[in-house]
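A.B. asks: Sequence:
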Amino acid sequence: AFPFGAMQMLEAAADKVGLGGVLDAAQAAGAGMVNGLFQKALKSVVEDTLKWLGPKAGEVAVEKMSEKYSAVKSMKTASEAAVKAAADAIMGFKDLIMDFCEEAAEAPEAAFKKVGVLLLRACNEGADKAVRAIFNSLSCAVCVKACADIGAIIEKVKEVVQAALKEQVTGTLKSKGTPSMITDKLEFGNPDDDIGEPSKKASPQQEEMS
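Note that the working numbering has the sequence shown beginning at 150, numbered continuously upward.
Hints are computed from structural coordinates only; laboratory data are not their basis. Don't take every hint at face value.
Okay, the calculated beta carbon distance ranges per label pair [as the list claims (entries may be wrong)]: (1) GLU255 <-> ASN285: 26 to 32 Å; (2) GLY345 <-> ASP197: 33 to 39 Å; (3) SER219 <-> GLY345: 20 to 26 Å; (4) MET240 <-> ALA301: 34 to 40 Å; (5) LYS323 <-> ASP298: 36 to 42 Å; (6) LYS225 <-> SER352: 36 to 42 Å.
In this text, a Cβ means the ideal position worked out from N, Cα and C, and glycines have one as well.
Take the sequences, apply the hints, and build the full model.
C.D. replies: Here is the structure:
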């Protein structure tokens with residue numbers, strides 16, 4: 150867990166002996182340490198989440214398609230195709246997401262929102278590709294009717310996977326010691342938000358160490 154209690158004790162002691170300037174410096178150093186710890190946790194969570202998200206999107210796509218077309222549930226090839234299509238689409242966002250993780254050392258909340266926006270975009274792309282992969286596995290007779298429903302099914306899959314994604318990321322951050330005073334402030338943003346370009350690139354070495 151992060152050393153917030155230690156900082157509170159330091160603040161109380163400094164107030165008693167008039168070390169305001171020293172406290173400011175200590176708080177700045179403490180904030181930098183906390184941000185660095187959060188950045189490390191965020192990188193690890195992103196790595197884990199991206200690996201989890203593809204299979205999750207494929208699973209939900211199969212579930213939602215099965216509600217309309219029961220035969221899908223027994224189509225192993227369709228399920229495998231959905232997971233692969235979703236995973237490939239989602240992992241395509243990895244490099245850019247890791248670049249934005251670099252900003253967490255200086256501005257954790259702002260960086261997380263950008264990462265969150267990209268994770269939601271990855272989620273949506275994975276949902277779309279998973280449903281379409283299943284659709285392409287259906288027989289022609291079913292395809293005609295499914296074609297009319299595919300947009301609505303994709304939206305349902307996006308909604309379910311987005312909710313699961315948010316729960317997964319927040320829960321994993323907490324399990325890695327991130328206190329609720331930080332996680333409660335984190336916002337995912339919306340997939341259509343303009344987040345600009347990352348201020349720096351993540352090196353392969355940095356990613357491996359996360």
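A.B. asks: Does each hint hold? Answer for all of them.
C.D. replies: Hints, one by one, checked against the model:
Checked against the hint of 26 to 32 Å, the pair GLU255 and ASN285 fails, with Cβ atoms roughly 44 Å apart. At roughly 26 Å, the beta-carbon separation of GLY345 and ASP197 lies outside the given 33 to 39 Å, and the hint is violated. Between SER219 and GLY345 the C-beta distance comes to about 45 Å, which lies outside the given range of 20 to 26 Å. In this structure, MET240 and ALA301 break the distance hint of 34 to 40 Å, their C-beta atoms being roughly 27 Å apart.
Between LYS323 and ASP298 the Cβ separation comes to about 38 Å, which falls inside the hinted range of 36 to 42 Å. Separation of LYS225 from SER352 is about 40 Å and conforms to the stated range, judged on CB atoms against 36 to 42 Å.
Checked against the numbered hints given earlier, this structure breaks hints 1, 2, 3, 4; the rest are met.
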